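K.L.:
Okay, here's what each chain looks like letter by letter:
Protein chains: 2
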Amino acid sequence: MTEESLKFPVIGSDALKATFRAHASGVAVITSHDDDGNPIGFTATSVTSLGSNPPLVSFNIARGSSSYPQLVIGREVALHALSAKNLALAQRMAGPKEDRFTQEDFELVGNVPVFKSAASVLIGKVRERFEVEANAVVILDILYGTEPFERERPLVYYQRGYLTATERLAENS
Amino acid sequence: MTEESLKFPVIGSDALKATFRAHASGVAVITSHDDDGNPIGFTATSVTSLGSNPPLVSFNIARGSSSYPQLVIGREVALHALSAKNLALAQRMAGPKEDRFTQEDFELVGNVPVFKSAASVLIGKVRERFEVEANAVVILDILYGTEPFERERPLVYYQRGYLTATERLAENS
Numbered sequence: 001m002t003e004e005s006l007k008f009p010v011i012g013s014d015a016l017k018a019t020f021r022a023h024a025s026g027v028a029v030i031t032s033h034d035d036d037g038n039p040i041g042f043t044a045t046s047v048t049s050l051g052s053n054p055p056l057v058s059f060n061i062a063r064g065s066s067s068y069p070q071l072v073i074g075r076e077v078a079l080h081a082l083s084a085k086n087l088a089l090a091q092r093m094a095g096p097k098e099d100r101f102t103q104e105d106f107e108l109v110g111n112v113p114v115f116k117s118a119a120s121v122l123i124g125k126v127r128e129r130f131e132v133e134a135n136a137v138v139i140l141d142i143l144y145g146t147e148p149f150e151r152e153r154p155l156v157y158y159q160r161g162y163l164t165a166t167e168r169l170a171e172n173s
Numbered sequence: 001m002t003e004e005s006l007k008f009p010v011i012g013s014d015a016l017k018a019t020f021r022a023h024a025s026g027v028a029v030i031t032s033h034d035d036d037g038n039p040i041g042f043t044a045t046s047v048t049s050l051g052s053n054p055p056l057v058s059f060n061i062a063r064g065s066s067s068y069p070q071l072v073i074g075r076e077v078a079l080h081a082l083s084a085k086n087l088a089l090a091q092r093m094a095g096p097k098e099d100r101f102t103q104e105d106f107e108l109v110g111n112v113p114v115f116k117s118a119a120s121v122l123i124g125k126v127r128e129r130f131e132v133e134a135n136a137v138v139i140l141d142i143l144y145g146t147e148p149f150e151r152e153r154p155l156v157y158y159q160r161g162y163l164t165a166t167e168r169l170a171e172n173s
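Residue numbers (the working numbering), protein chains in the order written: chain Y, 1 to 173; chain R, 1 to 173.
Only chain Y is shown next, with the shape it has when bound in the complex:
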């Protein structure tokens, strides 16, 4: 693609993957618990606000994931926004399931594990799940949250790797 000509040579899922490699996303960790009260959680790059009145959040998940059956309507969930210093947490929660909760770096809020080092944490409840093909959009009602740490650098996922953003280009007017 150049400025002079506009071409669309990439088809379907290859096009999706190519463009999303070129699209940055924030990195979050979502935690909850299973029916037996055991902690579950995973790294997610699809967390986004869905309006503030009432406060709602959405994220996307594969219906085939082991976490999806646990995210039933009403289930309490913690959503952790991550900064650059949380890189190891992001990697751990995207790695083998048996390693995710072996470190003593979380507290239980009810049965929900909350990582204290996260830049900011929201507690919510699953409100609704919209299933689309093999995936689902999960909607959370947000109940309450922490005071975010100040002066963090964000953790960003881009081009299949983790980055941080330090160069400020413009303020929102």
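Warning: the hint list may mix true and false statements.
Note that identical chains are pooled: a pair holds if it fits in a single copy or bridges any two copies.
To be verified - No more than 25 Å apart at the CA atoms, straight line, and that leaves these computed lysine to any residue pairs for SDA-like:
(1) 125 - 51
(2) 85 - 166
(3) 85 - 149
(4) 85 - 70
If you're looking for bench data, these hints aren't it; they were derived computationally from the structure. All values reported here derive from a predicted model rather than from experimental measurement.
The hints should help you fit chain R onto chain Y, whose structure is shown.
P.N.:
For chain R alone, kept in the frame of chain Y given last:
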């Protein structure tokens, strides 16, 4: 919040806003056309992949926005992933509606305006809309896309401003 104590002093929408200031997001521009064929478009920080088989994208929008009634099922949509060099485009498409398409920097694909300078572009169609309170999650079927520019720096929205990410912390293993 400190590492020693976990407190949740912020309630509801204030909590949502506080945490999402601490959560980075990529910046995209979504364009389409109205029933009369006139271009519409806006800057969005909620664009995320919803699975690649079939290729699906979701984004969130206020149902009260002027664009929402135009994003009917089947409507063709262009999704532009933005890099740091697209800052002015991101700002323009978040600014006054009458200024958004006055520059000759887009081509029409069918009736959909496509900005040629964007880091990568996907063309899709509205598949489904899930309405939740005053907002909606819009699902796109992805049809095809451009070859992304290589070696761009991403455009990131964080703490109410635009940043770019240059410091690479880790590759995804």
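K.L.:
Tell me, please, which holds for residue 85 and residue 70 at an alpha-carbon limit of 25 Å: within, between, both or neither?
P.N.:
neither (29 Å within a copy, 42 Å between copies)
K.L.:
One pair to classify: residue 125 and residue 51, alpha carbons no more than 25 Å apart. Within, between, both, or neither?
P.N.:
Both: 15 Å inside a chain and 24 Å across chains, each within 25 Å.
K.L.:
Which holds for residue 85 with residue 149 at a C-alpha limit of 25 Å: within a copy, between copies, both or neither?
P.N.:
Classified as within; 11 Å inside a copy, 30 Å across copies.
K.L.:
One pair to classify: residue 85 and residue 166, alpha carbons no more than 25 Å apart. Within, between, both, or neither?
P.N.:
Answer is both; intra-copy 13 Å and inter-copy 16 Å each pass.
Of the numbered hints listed earlier, the single one contradicted by the structure is hint 4.
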